[in-house]
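4 protein chains.
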Amino acid sequence: MKIRILVTGGTFDKEYDELSGALFFKDTHVQEMLRLGRARLDLAVETVMMIDSLEMDDERRAAIVARCRDAAERGIVGTHGTDTMVDTARVLAAAELQDKTIVLTGAMVPYAFGSSDGLFNLGSALSFVQVLPPGVYVAMNGRHFPWDRVRKNRETGVFELLER
Amino acid sequence: MKIRILVTGGTFDKEYDELSGALFFKDTHVQEMLRLGRARLDLAVETVMMIDSLEMDDERRAAIVARCRDAAERGIVGTHGTDTMVDTARVLAAAELQDKTIVLTGAMVPYAFGSSDGLFNLGSALSFVQVLPPGVYVAMNGRHFPWDRVRKNRETGVFELLER
Amino acid sequence: MKIRILVTGGTFDKEYDELSGALFFKDTHVQEMLRLGRARLDLAVETVMMIDSLEMDDERRAAIVARCRDAAERGIVGTHGTDTMVDTARVLAAAELQDKTIVLTGAMVPYAFGSSDGLFNLGSALSFVQVLPPGVYVAMNGRHFPWDRVRKNRETGVFELLER
Amino acid sequence: MKIRILVTGGTFDKEYDELSGALFFKDTHVQEMLRLGRARLDLAVETVMMIDSLEMDDERRAAIVARCRDAAERGIVGTHGTDTMVDTARVLAAAELQDKTIVLTGAMVPYAFGSSDGLFNLGSALSFVQVLPPGVYVAMNGRHFPWDRVRKNRETGVFELLER
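Keeping their order, the protein sequence lines are chains A, B, C and D. When the letters of the first sequence are read in order and numbered with numbering that gives the first Met the number 0, they come out as residues 0 to 163. When the letters of the second sequence are read in order and numbered with numbering that gives the first Met the number 0, they come out as residues 0 to 163. When the letters of the third sequence are read in order and numbered with numbering that gives the first Met the number 0, they come out as residues 0 to 163. When the letters of the fourth sequence are read in order and numbered with numbering that gives the first Met the number 0, they come out as residues 0 to 163.
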């Protein structure tokens, strides 16, 4: 199965600017993470944007939808900031990309920090995308959630299943 | 879904003994890795043994089979050295534990090293075990393989799908 | 020789708050760094404050001077943000603590990041303090500078020797 | 002050061979460590050999002495396995390189492991070499020892000062 990784930034890819002392985005770490994970998948990695998910807006979400629609791959993993990941999942679901399995994932701590959950989440999302039926999902905390049954608990930082 | 992690050692859990300069086993790093991955799964972690997989033998495999059979959980992830992982998968398959999904995983580089694939593989195995149908699998390199269609290429360190 | 480490915060000790996505201060990492470095020195570690060095002001500098004056140890290492480290060194020199060797050090990247210079700088500062004559120094980039012959180059992040 | 770093291997530079599962030597990590430490010293780095210090013998020590004698630099830092570091220091002292300050250092845990003391020790050794008078020293555990007043305690892994 061919998989496309669409990079959008988020905590995943934040770095520390040692001159300003601020966090910023440069290049994605996804390629390095795939090397570390010794991933042997048929993968294409594409950087769509590099933003904090608080800056995510309708126009940018439309760009992500367009990239998912145009992608030749049936499996798509999107890296995304956690704060608005569920909102983007909803927009992707509304786009009705019938035959695609789309899994959004992210990180609570930047990969560039030693203590990041990014590598765990990337391994998790790449696995779920290979076996879940078409649809839009969020993969965090080792779990997968259908797009319409998940929320991020802002107080704990944990993604929770919504009861129907 | 409840999941049991059965720890058997392997490269995953090797540490560096700073007095002797040799690699050795102490405690498993699985709990620490789950914390890092912020895993929010219904998990039980059990150390069955702590050995290099070159020491794996019939008796030890029987112990692993017994632990899988006795486990209340339907999903089981086993950490295992990569050299003989496929052999243990075969023994588990022969045990015909009908309703269980068993996923073996490991690492090419110890978790205690900065450059380990362990966290990626653990995230991957824990994801596959939740969605794959009952059976015995190997999860490495971001992929999953049925127990009878995989081999480790000793020259490249990569797990490969066997054509039927 | 007894040495006192006075912790004041700075980039050294910044951490990533995974709920807010901002950098903040919690506890110092100095004790953990000393363990990692297997330091076997006669050391006392004291947290004087936990601030970004941009918040350093006269009152806080007076507190640091007071702690240096009151300390029983002849050797003092102060951790400090790099932006105003030279200013604090000047205030310490003006205090004329005749018989003490005081070495300020810091980091360009937080210790909690994998890529920090903190451990290198701490090893360096603790070494210089044992062998330099009484006076006030800055130890960065593997070098030591008398307090009145150093400036931080804001564009490169490098500490430079001023020609007299 | 110009400094030459003579690399001889030792735990410092051990790596994990993911195919054989054994520790081995490839290239030195010293250049990477200097980058991490943002060292701004006038440095030459030279790999003299890449061996476990248990393999150190008279011939190899003669090669190290020759490199120290021939070096244009007055300050020399040698990386060395800890088990026989003191023996090499004795041979260097016997060579009577009058005007040189030679500091041997090493690590208890390989730099390639996350938990290494290597960066701390390198920062320490590079600092001591700039300020100590000519002679041969060992720098470990944040301390410096004259070559004839130090032993490695094999049970604790700690370098200790010998009373005269």
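The set of hints was computed from the structure by calculation and includes no laboratory data. For every residue, glycine included, the Cβ atom is placed at its ideal position computed from N, Cα and C. It is possible that some hints are incorrect.
Okay, the calculated beta carbon distance ranges per label pair [to be verified]:
(1) D:Ala62 with C:Val44: 51 to 59 Å
(2) D:Glu54 with C:Glu54: 52 to 60 Å
(3) D:Met49 with A:Asn152: 45 to 53 Å
(4) B:Asp16 with D:Glu54: 17 to 25 Å
(5) B:Thr46 with D:Arg68: 32 to 40 Å
(6) A:Asn152 with D:Ser114: 44 to 52 Å
(7) D:Ala93 with C:Glu162: 54 to 62 Å
Okay, derived cross-link-like pairs now, DSS-like style, lysine-lysine, Cα gap no bigger than 27 Å in a straight line [unchecked claim]:
(8) C:Lys1 with D:Lys151
(9) B:Lys99 with B:Lys151
(10) B:Lys25 with D:Lys99
Structure-based check of all given hints:
In this structure the supplied range 51 to 59 Å is violated for alanine 62 (chain D) paired with valine 44 (chain C), their Cβ-Cβ distance being about 42 Å. For glutamate 54 (chain D) and glutamate 54 (chain C), the hinted distance range of 52 to 60 Å is satisfied, since their beta carbons lie about 53 Å from each other. For the pair methionine 49 (chain D) and asparagine 152 (chain A), the beta carbons lie near 51 Å from each other, so the given range of 45 to 53 Å is met. Against the hinted window of 17 to 25 Å, the Cβ-Cβ separation of aspartate 16 (chain B) and glutamate 54 (chain D) comes to about 19 Å, which satisfies the hint.
Against the hinted window of 32 to 40 Å, the Cβ-Cβ separation of threonine 46 (chain B) and arginine 68 (chain D) comes to about 55 Å, which falls outside the hint. Taken as a hint, the range 44 to 52 Å is violated for the pair asparagine 152 (chain A) and serine 114 (chain D), whose Cβ atoms sit roughly 33 Å apart. For the pair alanine 93 (chain D) and glutamate 162 (chain C), the supplied restraint of 54 to 62 Å is violated, since their beta-carbon distance comes to about 41 Å. Between lysine 1 (chain C) and lysine 151 (chain D) the alpha-carbon distance is near 22 Å, which keeps this suggested pair within the 27 Å criterion.
For the proposed pair lysine 99 (chain B) and lysine 151 (chain B), the alpha carbon gap of about 24 Å is at most 27 Å, so the pair holds. For the hint linking lysine 25 (chain B) to lysine 99 (chain D), the alpha-carbon distance of about 44 Å lies beyond 27 Å, and the restraint is violated.
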